[in-house]
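Peer 1: Sequence:
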Amino acid sequence: MFKKSLATVAMSVMLAACNSDLPNATEEQLLKLFGDREEMGITLISSHMIECLDLISDDAVRFYVDFSDETTSDFTTTCYKWLHERIEQADQNPMGYTMAHLEDPELGLLLKQLREKQDKLITELREQERAEIAERRRAENEERDRHNIEELEQAKAENPLPCGPVPCDPLKAQAMQQIPGIPRPSHLR
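Numbering (our numbering), first residue to last: 171 to 359.
Some hints here could point you the wrong way.
Said to hold, decoys possible - Label-pair distances were calculated between CB atoms; the ranges are:
id, residue 1, residue 2, range
1, Glu294, Ala327, 45 to 55 Å
2, Ala309, Ala260, 47 to 57 Å
3, Asp315, Glu294, 28 to 38 Å
4, Arg306, Ser216, 14 to 24 Å
5, Arg296, Asn329, 48 to 58 Å
6, Gly211, Gln324, 40 to 50 Å
7, Gly266, Ile212, 19 to 29 Å
8, Glu255, Glu208, 13 to 23 Å
9, Asn311, Asp228, 56 to 66 Å
10, Ala309, Ala270, 29 to 39 Å
11, Ser216, Thr241, 14 to 24 Å
12, Glu255, Glu198, 53 to 63 Å
13, Tyr250, Leu291, 27 to 37 Å
14, Glu294, His317, 28 to 38 Å
These aren't lab readings, by the way, just hints derived from the structure by calculation. These numbers were taken from a predicted model, which means no experiment stands behind them. Beta carbons: idealized from backbone N, C-alpha and C, even for Gly.
From just these sequences and the hints, can you work out the full model?
Peer 2: Spelled out as structure tokens, the structure:
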């Protein structure tokens, strides 16, 4: 079963790459024509676009089984109009895609693969962004710690405790210094 599925996927990929019926287009051209949203500076092909291409190529019949014929017909009509408007824009469609090309299931497969590639790229960019934020926070924490240590050292230098080499309670020592007439213990002199 697994080998059969793998063979089917491999054959589909080969057909998509070798299909001479589809106009040759770079990834950039496909994204310009079929991309309809942007995330993190990367143009993406939306799930709506993929669903429309699947629907008009009859590749999505299994998704619309529970809908009435009228609802499915409305979806299909909306998709045809939307896609037709898109391919009619000459600046976005220099490859000359027609509605017949859009009905080819191989185009849907090709765009799904491109979408997966773009999704993976966005995931990598998000991870990189998270790592940069974590590094920036770590550096800020180190700087704050260094600053706090410097302030503590400066405070110690300005107000030394009279304990000397013998351990003492800093609060008691400070209190004893402030009360006049009380002799200091010998180890504090």
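Peer 1: Next, verify each hint and record whether it holds.
Peer 2: Taking the hints in turn, this is what the structure says about them:
no., hint, in the structure
1, Glu294 with Ala327: 45 to 55 Å, "holds (49 Å)"
2, Ala309 with Ala260: 47 to 57 Å, "holds (51 Å)"
3, Asp315 with Glu294: 28 to 38 Å, "holds (32 Å)"
4, Arg306 with Ser216: 14 to 24 Å, "violated (32 Å)"
5, Arg296 with Asn329: 48 to 58 Å, "holds (49 Å)"
6, Gly211 with Gln324: 40 to 50 Å, "holds (46 Å)"
7, Gly266 with Ile212: 19 to 29 Å, "holds (26 Å)"
8, Glu255 with Glu208: 13 to 23 Å, "holds (19 Å)"
9, Asn311 with Asp228: 56 to 66 Å, "holds (58 Å)"
10, Ala309 with Ala270: 29 to 39 Å, "violated (57 Å)"
11, Ser216 with Thr241: 14 to 24 Å, "holds (20 Å)"
12, Glu255 with Glu198: 53 to 63 Å, "violated (21 Å)"
13, Tyr250 with Leu291: 27 to 37 Å, "holds (30 Å)"
14, Glu294 with His317: 28 to 38 Å, "holds (35 Å)"
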